[in-house]
Amino acid sequence: MGISRREVLMGAAALGLAGCAPTLRRARELQPTAPIRPVDGASLSVRKLNRMGYGPTPEEVARVEEIGWEAYVDEQLAATRAEPAELEAMLRQLDIHSFGAVDLRALPEHEVIRQLHQATLLRTIYSSNQLRERMVEFWSDHFNIDIKKAYGTFYLSKDLNQNLRSQALGTFPKLLSQSAHGPSMLAYLDNKQNRKGGVNENYGRELLELHSMGVRSGYTQKDVREVAKCFTGWTVEDRFLRAGGTFRFDPERHEPGARLVLGHRIAADLGKGQGDRVLDILGAHPATGQHIARKLCALFLGEHGPEVTPEVARAYHTSNGDIKAMMRVILLHPKFGAEDARLPKRPLDFVAGSMRALGSATSCVGLIEPLEKMRQPLYQWPMPDGYSMRASAWTGSLLERWNFALALAFGQLPDLDFSIETLAERLSLPAAEAVNYVLFGQRGKALHSDPRRHLALALGSPEFLWR
Amino acid sequence: MSENWKTCDGSALEYAARYGEAGSDWAGVHVSRRQAIVRLGLGALGLGLAGSALAQATFRAAKKPGHTLVVVFLRGGADGLSLVVPHFEPDYARARPQLALSERQTKPLDSRFSMHPGMPGLLEIWQEGHLSIVHAVGSSDTTRSHFEAMRTMETGAFDGRRHTGGGWLARFLTESDAMESTLRAVSFGGMLPESLRGYPPAMALGRLDDFRLQVPEGVAQDGEWLNDLAKLYTGPKDLLAEAGHETLGVLKMLRDRPKGQAAQGAAYPETEFGRSLKDVAALVHADLGLEVACVDHGIWDTHAAQGTTEGWIANNVGDLSAGLHAFWQDLGERRKNVTVVVQTEFGRRVNENVVLGTDHGRSSVFMVLDTKARGGKVLGDWPGLKPDQLDEEGDLRVGTDYRRLLAGVLKSRMSPVSVQKVFPELTETEVNVVN
Numbered sequence: 001m002g003i004s005r006r007e008v009l010m011g012a013a014a015l016g017l018a019g020c021a022p023t024l025r026r027a028r029e030l031q032p033t034a035p036i037r038p039v040d041g042a043s044l045s046v047r048k049l050n051r052m053g054y055g056p057t058p059e060e061v062a063r064v065e066e067i068g069w070e071a072y073v074d075e076q077l078a079a080t081r082a083e084p085a086e087l088e089a090m091l092r093q094l095d096i097h098s099f100g101a102v103d104l105r106a107l108p109e110h111e112v113i114r115q116l117h118q119a120t121l122l123r124t125i126y127s128s129n130q131l132r133e134r135m136v137e138f139w140s141d142h143f144n145i146d147i148k149k150a151y152g153t154f155y156l157s158k159d160l161n162q163n164l165r166s167q168a169l170g171t172f173p174k175l176l177s178q179s180a181h182g183p184s185m186l187a188y189l190d191n192k193q194n195r196k197g198g199v200n201e202n203y204g205r206e207l208l209e210l211h212s213m214g215v216r217s218g219y220t221q222k223d224v225r226e227v228a229k230c231f232t233g234w235t236v237e238d239r240f241l242r243a244g245g246t247f248r249f250d251p252e253r254h255e256p257g258a259r260l261v262l263g264h265r266i267a268a269d270l271g272k273g274q275g276d277r278v279l280d281i282l283g284a285h286p287a288t289g290q291h292i293a294r295k296l297c298a299l300f301l302g303e304h305g306p307e308v309t310p311e312v313a314r315a316y317h318t319s320n321g322d323i324k325a326m327m328r329v330i331l332l333h334p335k336f337g338a339e340d341a342r343l344p345k346r347p348l349d350f351v352a353g354s355m356r357a358l359g360s361a362t363s364c365v366g367l368i369e370p371l372e373k374m375r376q377p378l379y380q381w382p383m384p385d386g387y388s389m390r391a392s393a394w395t396g397s398l399l400e401r402w403n404f405a406l407a408l409a410f411g412q413l414p415d416l417d418f419s420i421e422t423l424a425e426r427l428s429l430p431a432a433e434a435v436n437y438v439l440f441g442q443r444g445k446a447l448h449s450d451p452r453r454h455l456a457l458a459l460g461s462p463e464f465l466w467r
Numbered sequence: 468m469s470e471n472w473k474t475c476d477g478s479a480l481e482y483a484a485r486y487g488e489a490g491s492d493w494a495g496v497h498v499s500r501r502q503a504i505v506r507l508g509l510g511a512l513g514l515g516l517a518g519s520a521l522a523q524a525t526f527r528a529a530k531k532p533g534h535t536l537v538v539v540f541l542r543g544g545a546d547g548l549s550l551v552v553p554h555f556e557p558d559y560a561r562a563r564p565q566l567a568l569s570e571r572q573t574k575p576l577d578s579r580f581s582m583h584p585g586m587p588g589l590l591e592i593w594q595e596g597h598l599s600i601v602h603a604v605g606s607s608d609t610t611r612s613h614f615e616a617m618r619t620m621e622t623g624a625f626d627g628r629r630h631t632g633g634g635w636l637a638r639f640l641t642e643s644d645a646m647e648s649t650l651r652a653v654s655f656g657g658m659l660p661e662s663l664r665g666y667p668p669a670m671a672l673g674r675l676d677d678f679r680l681q682v683p684e685g686v687a688q689d690g691e692w693l694n695d696l697a698k699l700y701t702g703p704k705d706l707l708a709e710a711g712h713e714t715l716g717v718l719k720m721l722r723d724r725p726k727g728q729a730a731q732g733a734a735y736p737e738t739e740f741g742r743s744l745k746d747v748a749a750l751v752h753a754d755l756g757l758e759v760a761c762v763d764h765g766i767w768d769t770h771a772a773q774g775t776t777e778g779w780i781a782n783n784v785g786d787l788s789a790g791l792h793a794f795w796q797d798l799g800e801r802r803k804n805v806t807v808v809v810q811t812e813f814g815r816r817v818n819e820n821v822v823l824g825t826d827h828g829r830s831s832v833f834m835v836l837d838t839k840a841r842g843g844k845v846l847g848d849w850p851g852l853k854p855d856q857l858d859e860e861g862d863l864r865v866g867t868d869y870r871r872l873l874a875g876v877l878k879s880r881m882s883p884v885s886v887q888k889v890f891p892e893l894t895e896t897e898v899n900v901v902n
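Chains V and W, in that order, give the protein sequences.
FYI, the numbering for the first sequence is 1 to 467, going by the numbering used here.
FYI, the numbering for the second sequence is 468 to 902, going by the numbering used here.
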């Protein structure tokens, strides 16, 4: 079964059919064309949309205005808004959505990396469920995978685009368990090799330190070792003629014996269940709720995060780790959208945000290299802590942002299309004011008489560096 | 300044580090000033054309060549026992039946230690007397977490979680604000390291040649764009605006720098590390006032299949040695103005594991390249490899606190600065490994 599909794919690759990629022509169908009325005093909504998702479009600003922020938040939490048909069609064209890890290996690695980027960029730019996409990115940093390690390129798509996305607004314990079972994580943090007589602590340590409780939250070196032993035998299927690249528990590799983890006794006869038991203990541990709440608050509330963290941590506990419950507290908090939150745009925010604001049509292939130059090539952070949320981590990316702004404004990015004139017409505003409105929610002033130069400068301005 | 370090939290510190001492303009008002401007919303966009041009931005060039400190960080925990082998310890071979390097395979350094054979370049530098090697160097960190151990070392703290804030290099740069240059501190090949956090002018560069504005043809001169952008980035209103201001300064400096400095027989490896060091040498030769350069090397996290004279560890030491050798050649006469420190967050467990790798340990090797190095003998207190000499996890104990060595380098090589300010919790005296 696997072999024949693989042959199909290889044959297709040979014919140049694989990667029958999303095109600019299709993306043009996603461009808004209808006139839209600018809203007065939109800068608060712009900040909220910048922080909740990947930035405003004039249409979303109008929708917030129309139904109110709370109703808008509920819509985003439900994440059931219909996706544009063309977006879905473009995503379906990608091989990474049709084939498993083993079959994908028939394709060159760079091709799969391109598709991973395209899928994420298309969703961040065009998805109607912006909060969900923001959460997918947050969790993909929290459960960081470096695709350049251990065949991550081929494992990631299923773990990310099926499992993680489906739970991005689900419950944290479920998410934690999915991550633990995911071949990409099993390979990335070496649990694949964690076995009887050869205990590898890498996953066990990061599970406690990064994924759940957080560092210095009460566990000991002994807990790390015990946790690592619980996960012995959790590996990736790689036996001959089996459906490879999936989770597998190998009882032969499981270290026998009872364990003591964080004061909980874990029975010897549980086998694979020892790992599951650890995940249950961690999911219910107060330190985990505290750790997740702190990180979420930092992402969405910046400097106001610490004051809201206790309330979000409480939401974690009363709801058994329901992510929606935590996010509702955050998104409806009076400090959400505050001017002085100091939340930096990371390169993905910067790139996706400019696309959304301008109503660009793009297949997204031209956005991959800029992201890399701005130091955020997707899924390639080498250390398990994920790309940084701190502004100070991104001070070296400004030149590349300016170069991106210049190339964008002057139509030099491949496979990308937008028009300032159309934007100005839709909004019935002079070009520079239209640009300022979609970027900042205010009409502001023109920085240059040439609208394209104004656009390049506005995108390159200090104001556009912050969410 | 010290008041700012004590009273500010980590985030405010980024401002404090830069403006705390810069005069009454900014001391104490940095946050409110920034908030005031943020409140204007479209501050620069509204006021954009009212500012003056590049001339107003202060691009400060160094007056005379100062000293440059290059910090090479071996990321992931380098196995010091493979780099500098204690062949006099019978327990070394016992602990590593598959991974031990025999005395015959290695290059003698002194009566006790020998060097991994894959580092001919560093061996040559050692023989020239330009290399100090200290063994069993580490920090207080016992979490054996990469992040905790790196944070501890890069913050220059006893405990990375309870440190006084910012990176040790950032504190050094702030404290020794003697030489003013936009290009005082750079890092290559990634994001700004923790050690430079708290010093916003520090720049994270990619490749030097690519560091320019790419203005579409026929649109305008790049100088015109630099001017237009400079009007938006007139000054310190927030961390990123300040970074933009500094970036523009660097762009102008690099555009105007003297070019054509050829490497004198320096064969840099075609790797990220080689390219980064080549750029550092170019900046040193260009006299732009570079004081601190951070370059990462690695990944050294050799949990499995680390190899001996071939494989992972051999590739790593080969690249490290070739890069540093080429750099040292390239510097030529300028060597006397440069010190290179090579450090790593921790060493690796003495016993090899069953997948022929080594797990996280405690102490490792620390090296200094300097024309006045104390060579001839591997330095440092050696805790020993006998089972009862190891720590509770079976790791080589820390013989020398890394801070004592860094403090020694700062004191003997860099501009005068209070060690207490850079390493506030350091109670032991510094150790000089350069004369």
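Worth flagging that the hints you see were computed from the coordinates, not collected in a lab.
Please note: incorrect hints may appear among the correct ones.
[As the list claims (entries may be wrong)] With a Cα cut of at most 25 Å, we get these calculated DMTMM-like pairs of lysine to aspartate or glutamate:
hint : chain 1 : residue 1 : chain 2 : residue 2
1    : V       : Lys-148   : W       : Asp-786
2    : V       : Lys-148   : W       : Asp-855
3    : V       : Lys-149   : W       : Glu-777
4    : W       : Lys-745   : V       : Glu-369
5    : V       : Lys-222   : W       : Glu-739
6    : V       : Lys-222   : W       : Glu-591
7    : V       : Lys-335   : V       : Glu-307
8    : W       : Lys-745   : V       : Asp-269
9    : V       : Lys-222   : W       : Glu-737
10   : W       : Lys-719   : V       : Glu-307
11   : V       : Lys-373   : W       : Glu-859
12   : V       : Lys-148   : W       : Glu-777
13   : V       : Lys-373   : W       : Glu-684
14   : V       : Lys-149   : W       : Glu-737
15   : V       : Lys-222   : W       : Asp-855
16   : V       : Lys-373   : W       : Glu-860
17   : V       : Lys-196   : W       : Asp-689
18   : V       : Lys-192   : W       : Glu-860
19   : V       : Lys-222   : V       : Asp-269
20   : V       : Lys-149   : W       : Glu-859
21   : V       : Lys-149   : W       : Asp-786
22   : V       : Lys-196   : W       : Glu-800
23   : W       : Lys-745   : W       : Glu-684
24   : V       : Lys-196   : W       : Glu-819
25   : V       : Lys-373   : W       : Glu-777
26   : V       : Lys-373   : W       : Asp-855
27   : V       : Lys-373   : W       : Asp-677
28   : V       : Lys-222   : W       : Glu-892
[What the hints assert, rightly or not] Chain V stretches covered by chain W per the calculated footprint, using a threshold of three residues with CB under 8 Å from any CB of chain W:
hint : stretch
29   : 260–267
30   : 285–293
31   : 377–388
Here a beta-carbon is modelled for each residue, glycine too, at the ideal position from N, C-alpha and C.
These are the hints, each one checked on the structure:
1. At most 25 Å may separate the alpha-carbon atoms for a hinted pair to count; Lys-148/V and Asp-786/W meet this at roughly 20 Å.
2. Under the criterion of a C-alpha separation no larger than 25 Å, the hint pairing Lys-148/V with Asp-855/W is inconsistent with the structure, at around 40 Å.
3. Distance check on the hinted pair: Lys-149/V and Glu-777/W sit about 20 Å apart at the alpha-carbon level, within 25 Å; holds.
4. At roughly 24 Å between alpha-carbon atoms, Lys-745/W and Glu-369/V fall within 25 Å of each other, so this suggested pair holds.
5. Proximity of Lys-222/V to Glu-739/W is assessed by CA-CA distance (about 38 Å); at most 25 Å being required, the pair is judged violated.
6. Our distance criterion of 25 Å between C-alpha atoms is broken by Lys-222/V and Glu-591/W, whose separation comes to about 44 Å.
7. This hinted pair checks out: Lys-335/V and Glu-307/V have alpha carbons roughly 10 Å apart, not beyond 25 Å.
8. Under the criterion of a C-alpha separation no larger than 25 Å, the hint pairing Lys-745/W with Asp-269/V is inconsistent with the structure, at around 58 Å.
9. The suggested pairing of Lys-222/V with Glu-737/W is violated, with an alpha-carbon distance near 43 Å, which exceeds 25 Å.
10. Pair hint Lys-719/W plus Glu-307/V does not hold up; C-alpha atoms about 42 Å apart against a cutoff of 25 Å.
11. At roughly 45 Å between alpha-carbon atoms, Lys-373/V and Glu-859/W are farther apart than 25 Å, so this suggested pair is violated.
12. Taking the CA atoms of Lys-148/V and Glu-777/W, the gap is about 22 Å. The hint holds against a cut of 25 Å.
13. Only pairs whose Cα atoms come within 25 Å are accepted, and Lys-373/V paired with Glu-684/W is accepted, the gap being roughly 21 Å.
14. For the hint pairing Lys-149/V with Glu-737/W, the CA-to-CA distance comes to about 21 Å; that is within 25 Å, so the pair holds.
15. Of the pairs offered as hints, the one joining Lys-222/V and Asp-855/W holds, with about 20 Å between alpha carbons and a cut-off of 25 Å not exceeded.
16. For the suggested pair Lys-373/V and Glu-860/W, the alpha carbons sit about 42 Å apart, so the restraint of at most 25 Å is broken.
17. A distance of roughly 62 Å separates the Cα atoms of Lys-196/V and Asp-689/W; the hinted pair therefore is violated under the 25 Å criterion.
18. Our distance criterion of 25 Å between C-alpha atoms is met by Lys-192/V and Glu-860/W, whose separation comes to about 23 Å.
19. Restraint check for Lys-222/V and Asp-269/V: satisfied, since their Cα atoms lie roughly 21 Å apart, inside the 25 Å limit.
20. Pair hint Lys-149/V plus Glu-859/W does not hold up; C-alpha atoms about 32 Å apart against a cutoff of 25 Å.
21. Distance check on the hinted pair: Lys-149/V and Asp-786/W sit about 20 Å apart at the alpha-carbon level, within 25 Å; holds.
22. Taken as a hint, the Lys-196/V and Glu-800/W pair is broken in the structure, with Cα atoms around 56 Å apart against an allowance of 25 Å.
23. Taking the CA atoms of Lys-745/W and Glu-684/W, the gap is near 30 Å; set against the 25 Å cutoff, the hint is violated.
24. Proximity of Lys-196/V to Glu-819/W is assessed by CA-CA distance (about 16 Å); at most 25 Å being required, the pair is judged to hold.
25. For the proposed pair Lys-373/V and Glu-777/W, the alpha carbon gap of about 33 Å is over 25 Å, so the pair is violated.
26. Our distance criterion of 25 Å between C-alpha atoms is broken by Lys-373/V and Asp-855/W, whose separation comes to about 50 Å.
27. For the hint pairing Lys-373/V with Asp-677/W, the CA-to-CA distance comes to about 10 Å; that is within 25 Å, so the pair holds.
28. The hinted pair formed by Lys-222/V and Glu-892/W fails the criterion: a straight-line CA distance of about 29 Å is larger than 25 Å.
29. Taking a C-beta to C-beta cut-off of 8 Å, the stretch 260–267 of chain V contributes 0 residues in contact with chain W, too few for the three needed, and the coverage statement is violated.
30. Against chain W, the stretch 285–293 of chain V contributes 0 residues with a C-beta closer than 8 Å to a partner C-beta. That does not satisfy the three-residue criterion, and the hint is violated.
31. Here's how the stretch 377–388 of chain V fares: 4 of its residues keep a CB closer than 8 Å to some CB of chain W, so the rule of at least three is met and the hint holds.
Going through the hint list in order, the structure does not satisfy hints 2, 5, 6, 8, 9, 10, 11, 16, 17, 20, 22, 23, 25, 26, 28, 29 and 30.
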